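For reference, the chains in residue letters:
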Amino acid sequence: MSLRSRFDELAARGARKHATLGSATLTSRRIYILPTGSGLFFAFIIGATLVGSLNYQSSLGFLFTFLLASIGLVSMVETQRNLTGLTVEILEPQPVFAGEVLKIVVTFRSGDGRTRRGVGVFAQGGEAALIPAGGEPFEVELTAPPRSREVGEVGRVTLETEYPLGLFRAWAPVESVARTVVYPSPYPGAGAPPAGGEGGGGEGAQGGQRGNSVEDFYGLRDYVTTDPPSRVNWKALARTGALTVKEFEASAPAYARLDYGELSGTDPEAKLSILCAWALTAYGDGVPLSLALPGVEIPRGSGQLHLRRTLEALAAFRP
Amino acid sequence: MRNEAGERFAPLSLQVAALALAWIPHAPRFPLWFSGVMALLLAARLGLAWGGLGLPGRWMLLPATGGASVWVITQFRPFFGGNGAIALLTVMVVLKLFEMREKRDRIVAALLGYVLAATRFTYEQTPFAALWMLGLAFLFTYILVESADEERSMGVREKARVVARLFILSAPVALLLFLVFPRAGAPLFTIQGSRHGVTGLSEEMSPGSVTSLVLSEEIVFRAELADSGGVNPELYWRGPVLEEFDGVTWRVRQKGEGGPLPRQVGDTLAQVLVVQPGVKWITPLDYPAAVEGGVRISPDGVVKAGRAGTSTATYSARSLIGPSFGELDGERRSLLLKVPEGADERVVQLALESKAGGVSDREIADRMLSFFHRENFVYTLRPEPLGPDPVADFLFRTRQGFCEHYASAMAVLLRHAGIPSRVVTGYLGGEYNPFGGHWIVQELHSHAWVEAWLEDVGWTRLDPTAAVSPERVRAGIDRAASLTSGYIRFGFGKGGFFTDMRLAADYLGFWWEDWVVGFGQEKQRRLLKGLGLEGRTGFAALLAATIAAPVLFLLLLGAVYAKWRRRGLDPVDRLWKRFLRKLEKKGIVKAPHEPPEEFAQRAGALLPAMAAEILAVAKAYANCRYGRDPTPGDLAGLKKAVDSFGAKSAKG
Chain A
1 MSLRSRFDEL AARGARKHAT LGSATLTSRR IYILPTGSGL FFAFIIGATL VGSLNYQSSL
61 GFLFTFLLAS IGLVSMVETQ RNLTGLTVEI LEPQPVFAGE VLKIVVTFRS GDGRTRRGVG
121 VFAQGGEAAL IPAGGEPFEV ELTAPPRSRE VGEVGRVTLE TEYPLGLFRA WAPVESVART
181 VVYPSPYPGA GAPPAGGEGG GGEGAQGGQR GNSVEDFYGL RDYVTTDPPS RVNWKALART
241 GALTVKEFEA SAPAYARLDY GELSGTDPEA KLSILCAWAL TAYGDGVPLS LALPGVEIPR
301 GSGQLHLRRT LEALAAFRP
Chain B
320 MRNEAGERFA PLSLQVAALA LAWIPHAPRF PLWFSGVMAL LLAARLGLAW GGLGLPGRWM
380 LLPATGGASV WVITQFRPFF GGNGAIALLT VMVVLKLFEM REKRDRIVAA LLGYVLAATR
440 FTYEQTPFAA LWMLGLAFLF TYILVESADE ERSMGVREKA RVVARLFILS APVALLLFLV
500 FPRAGAPLFT IQGSRHGVTG LSEEMSPGSV TSLVLSEEIV FRAELADSGG VNPELYWRGP
560 VLEEFDGVTW RVRQKGEGGP LPRQVGDTLA QVLVVQPGVK WITPLDYPAA VEGGVRISPD
620 GVVKAGRAGT STATYSARSL IGPSFGELDG ERRSLLLKVP EGADERVVQL ALESKAGGVS
680 DREIADRMLS FFHRENFVYT LRPEPLGPDP VADFLFRTRQ GFCEHYASAM AVLLRHAGIP
740 SRVVTGYLGG EYNPFGGHWI VQELHSHAWV EAWLEDVGWT RLDPTAAVSP ERVRAGIDRA
800 ASLTSGYIRF GFGKGGFFTD MRLAADYLGF WWEDWVVGFG QEKQRRLLKG LGLEGRTGFA
860 ALLAATIAAP VLFLLLLGAV YAKWRRRGLD PVDRLWKRFL RKLEKKGIVK APHEPPEEFA
920 QRAGALLPAM AAEILAVAKA YANCRYGRDP TPGDLAGLKK AVDSFGAKSA KG
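Residue numbers (the working numbering), protein chains in the order written: chain A, 1 to 319; chain B, 320 to 971.
So that you can see chain B by itself, here it is in the shape it has in the complex (with noise of 0.2 Å):
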């Protein structure tokens, strides 16, 4: 075993900071006994360099490889799409690290490491990742550069040097291919990835149920409205569709299809969401006429997520705001005034007083409205528990809730009243961020609502909880709750300095989602149509961009550098060369082989005029680059007279 382990204890010790800086951001999703090991193994790798003790050789190396791969392929399942690939990398790397003997070895351990760096993308894609990847990135080079040298001549500050130029050079190749190459739509192969707990609305509703999801501050998805003009539209964003109810609980629509989507009238307004991954509704403004994106709107305005995924997903959406819209089927229509058997007779009672007079739909529903306003209703978070018949315990008992009790009470009397009704779930309004021009809607703006079928009229939206607190229709619950008792929430909607960094630092995160990771088809097509290319997105047209990019910029990069190198040329010829190009331009070319003091002459005896600067401009150049002891004083005379050279004849 040769010694030769201990000459680079420097070099080794950088390659495995490296390493257990491309490892550390992984090592959460990693049962501890393994990073344990890994640790181990850079340490004793460490423990040979500094001990000066040789490397094992191959015969130990190649079984121990071998043993080693099994061994993780066994305790990793399933294998591929999880942990276990990147576990195997690990491994991998970390027993390359063992076998480095030459120049060769060590470029490929670095490569390997920025790989296992690397993988962190394939989970989370934050821009701390990023970060953390760039210092990475960086380092990794560094340790190639300092693997090339292989006589150790260049110091640390040279090498970082080296490696800052690489970066320059290299980011606006590396950004147009970013924005050029090709996205598709769809993966190659699926990967089952780990799932997130989901959040957020369901489709059953028990009021009461909604209160944990009240408090959350967590962001189910971010907005941003195209210009409505002028009009600021209600922001409903519509969820899961509640129809079947059983005197306690809200369900959605168990079988059958539902009727055709409505016709579509009035106009659209144009929306793109952000969605935070794990959601499970896309929840655009009611009423959503067209979503983007590969998901399907049913023909209840319910639009479901795709696959569960691991980062934002981006939707473009339009959504109707206009008037009413719709139809209704017979069969729907007996679903949606079902009543649950039993009912309290203080309800019926209150339904057909709504009812009374002969009036229309639209009447009954004010009128029902006008109750909630009217009687002592209280919005709260912390209800009184409710007992076996929760509506009617409801309305004339506590009269206290929030939107789960309104909505379901009020969809409850509608039906009674022989309206087709059912309750939709939510959000309702959101944070604006005035720095992005977005909204960001949370946990907390969720909200339940009703939607009637008012005849002559169509589908309509009922909220009885602004009936109550109208503040909540438009400011959001806090403001809202901040009214009643029971609100606990401290800090959000703070104004002042630290709201406003939590918005721009909200801002930075969803142009991030948006731009950055969200980049794909879709985002791409737009840019290139904003550039007026909109013709060439083609795959062809791209790949071939992909392919000119650099082959164009490395023509340019070489260029820039024929360029530099003649400017380098040493100063004294540079100003020789400038002085004879101004001779040029009066006709007068010194050929090749004719020494400056004899060629002035010549010149002079072709220039009477200037004769005498001539000689004095290559008395100068010779003094500087055949004078024995030119000095700084000299080469500033030269400069100076051949700037001058030919000034006075000018103004002459």
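Next up, chain A with everything else stripped away, as it sits in the complex (with noise of 0.2 Å):
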């Protein structure tokens, strides 16, 4: 294997400098050919009866010698054309955390709408799965193995496939720099966020892991379709079918403060993997955070986007 895995550097190399971002046909110049084992058994076998028919000064076994040896070299021509014109587009997966399996889709065109078949793909270090067969664009989805924190590359993508004989084996790796994001993966026991306050009284006076003063009940107001819905109040509804969020009393608007400096510890991905649970638990909450690592400040913010926003610079942090 180490010969092959040899040429697959090789063949990265050269398809490095096709790295794609959208979407990429596959030319004869990606696809790189090379015998499978069958195949070179196949090649032992020419030869024996080549010797045979020349012991033998066979005719017909040189006949029949030669149209197996044309055979194979023919289906050599027909396992790279069963790549030739296909159109592979990698589409950005979404993020995960560290330690999830990372899916990317890849969708893939027939050029010509040509059926292929036995074509496998499958990104590094994950498991094959199989195109089906058809003309009609066609969607894959791949697993890769679990990654750890990172923002990266979705990388190399190969193709393969054996059709018809099964006695080469054509390849071609697409690089893709579509953007992979893994956050980190949460802390389990990283309990709530740290409250912050206006008026700074509330940085330094409240510090470690207590949680903020969210539970003063204040009043209930109709619900907007901004409210999330861990404030509805579910009760309410229940008894008097009317939407209604709870009202807190927020000691100056409470929010999560994530702040990077302040934890103590040397492991900077233990930090890290608070901080995220953190926002987690302050999204769920629907308490607005904020997050300060070093070099990166990401004001007081909620909803969706900001989360995600919060988690990338996590994921994107070096220490």
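To be clear, the hints were calculated from the coordinates, so they are not data collected in a lab. Among the hints, a few may not be true.
To be verified - Simulated DEER-style distance windows between Cβ atoms:
hint, chain 1, residue 1, chain 2, residue 2, range
1, B, SER388, A, GLU150, 52 to 60 Å
2, A, ARG318, B, GLU421, 41 to 49 Å
3, B, GLY370, A, GLU150, 49 to 57 Å
4, B, SER472, A, GLU150, 53 to 61 Å
5, A, GLN304, B, LEU954, 41 to 49 Å
6, B, GLU421, A, ALA129, 14 to 22 Å
7, A, PRO132, B, GLY946, 28 to 36 Å
8, B, LEU871, A, GLN94, 44 to 52 Å
9, B, SER472, A, GLU262, 57 to 65 Å
10, A, VAL51, B, LEU954, 31 to 39 Å
11, B, GLY946, A, ALA242, 49 to 57 Å
12, B, ALA966, A, LEU91, 42 to 50 Å
As the structure is a computational prediction, the values presented were derived from the model and not from experiment. Yeah, the Cβ is synthetic: ideal placement off N, Cα and C, and Gly gets one too.
Got two chains here, each in a separate frame; can you build the complex from them with the hints?
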């Protein structure tokens, strides 16, 4: 296998030149081809029948040796042709947390409507999925093994096939620069995030992991669309059928203050993990949050987009 | 044991069937028990799959394979070159079927099956064998496709189509390689093949021993004669020369080399002889001057065939067809004058009568021939048996017989008259096949005649049988024999449709043996010479061509496919591109970023006369490409617009 992986590396270096963000169409230049183990055995068989024919001076022996050899060679062209003209589009995958499996969606289009058979596709280290045969465009979801926290690229997605005779393997690596974002995995026992308050007093006095006083019930008001579901008064709804939202007394709008510098400990990954967990908790409670990392400041905000920005900052952070 | 065997029953049964078909032609050469054991194993394998049972593990297969190999090697002796190797291969393939777990195992089994089928060509190369193999090649390739199709997405028809396409594309390369691959003269090492029974002429003759040959339709050889310029040569094909006679039996001279080859006098006629396997003598036309093909002409003009082979052998020869020639030394002379002791008086008397008057040797011979013609000699295939002095008995009592009798008697008479003579055996005539332009010579054409040394003339062929029934010399025995009693042959020589069919089939067979099976160094040279490539027949050149041919073909194939890909573009785009090309010819080039309608406006400004047309095409294209529901009619409209674009101005 080492020979093959060496070829893979060479091929990848070549493919880097064609790194794509959007779609890539496979041309014969991007496709590499080598005999498989069966192909080598096939060559051995040809050699044996050739020697036999030479020895017996058997004309028909020659003829069928050459026929077999020709079939093998022509199949090489067919194997490569099974990949040419295939258009591949690698979409930017959804962000995941560290340790989770990355799902990459790849769209295929057969350039000239030809049916492709036996084409497998896999992301680096992932399992191969088979492209369904047929000329229609289709999607395949690839799984790549769990990654650690990073903001990176999808990297190499390889298509390969051994159609039609299994004697040759043609493969085409596609280097995708589509972004992969892997958030740190949330620390399980992080608890509630520290509260920040207006007027500065909150910062010094409230450190650590005490919950903020979000629980002081204030009153009810009508539901508006932006309210998170966790604040809806479900009991009241059951009773009265009206959607209302609990309002809490906030000691000057409470928000979660996520500060990297304030965390103790030496492991940066652990710290990021904690921050991530807090961010999720805060979001879940509908509390605005802010993030402070060395070199990155995200002011207070709420909503899904804000959360994503925060998580991405955590993912991208280089300690 | 995993139960995966049961899932793949259909492909497995195909493998088994293909293997059985590969084996069947071999079966007659093998003991029945061997075929039986193989059949049992195959059935067992099918049974395992049918019953959904698992395959035996490695621990069982390895010793089984080893044991089977030893068993085969001990059972089949000698091992190499005979059935032993084929038997071992068969056992290996059958056992391989028990080891099929992944794709690669199936491919290996199919390829081994292919080799097994091909081993047939070590002993048989008939057209039927070739067709059988072609079918098997198709089947095994199908199995390869099936093995590679792991997700089972291809139907039977599609797999067959793939195989057909592979075959069609491979055929030209295979043929080219067949013609160009350098052929060696001799095999790499000698194999003791199985020997056929030797039929045909022999090195002794007792009048009466040729009877069994006469009726045999077995083909001895086929011959193509070069154009002899309008002269129809007499078709005497020269075989063994018998010089010693003991009163009953004529034999080939037992000792001595014989004299030098006669001087070549006169024109030679070229021939190509395709000789059946097992035939001991190569019989060119009387008198052979040169034979190519690794054989020697003895000083008596006899050519013995080489090692007994298993396929036909082709020889080129040249024969003298002109007048007499040659020499005779003293030692030979006395041998050829030797008459057995105690010769019958009447025989001696007859000889002396022929000599009377001090006439020339030629005249003596003619007198003897007219004796045969004049007297009531009868030609028959069923003569009366002859007494202890066959010659005298024949000449004066029975006066019936066939070529052996006549030749023997005449040679004896000539010797008594002091003319050195001997009996030459061989063949006379043959059946002409108009389709192939060649002669078919069968055992029934065997003949014996006399060769005498006539003073002032030299070696001369004399055929006393011809003196009796002239028919025989020209038309062949069936016609002659039909004139006499004792003729029991039917069918042969009947004219009409069946004869034509038979001759056509024979022509195919001849052509097959000559050009396909017999394609060797000489034929290759001839072919290349015919193509004008005479200088390039060296080994290195041919080897280079062998390597170049498939490479070039693959490049060609790749180029053709690339062209197809371009044509395979979406028809709308194709038409649009065609339109753009037309405009390019007028000097208007569309920039890549320009949308079609904008471009149409710009083009219209540059070519005001065709502005309306250009716009129309662009609109039609936009509709087809980006429109909501383009109909086939829209596409047709676009095609029409593109095709007719520019035509008006050309006419105008």
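Tested hints:
no.	hint	result
1	B:SER388 - A:GLU150: 52 to 60 Å	holds, 57 Å
2	A:ARG318 - B:GLU421: 41 to 49 Å	holds, 46 Å
3	B:GLY370 - A:GLU150: 49 to 57 Å	holds, 53 Å
4	B:SER472 - A:GLU150: 53 to 61 Å	violated, 37 Å
5	A:GLN304 - B:LEU954: 41 to 49 Å	holds, 46 Å
6	B:GLU421 - A:ALA129: 14 to 22 Å	holds, 19 Å
7	A:PRO132 - B:GLY946: 28 to 36 Å	holds, 30 Å
8	B:LEU871 - A:GLN94: 44 to 52 Å	holds, 51 Å
9	B:SER472 - A:GLU262: 57 to 65 Å	holds, 59 Å
10	A:VAL51 - B:LEU954: 31 to 39 Å	violated, 58 Å
11	B:GLY946 - A:ALA242: 49 to 57 Å	holds, 51 Å
12	B:ALA966 - A:LEU91: 42 to 50 Å	holds, 47 Å
When each numbered hint is compared with the structure, violations occur for hints 4, 10.
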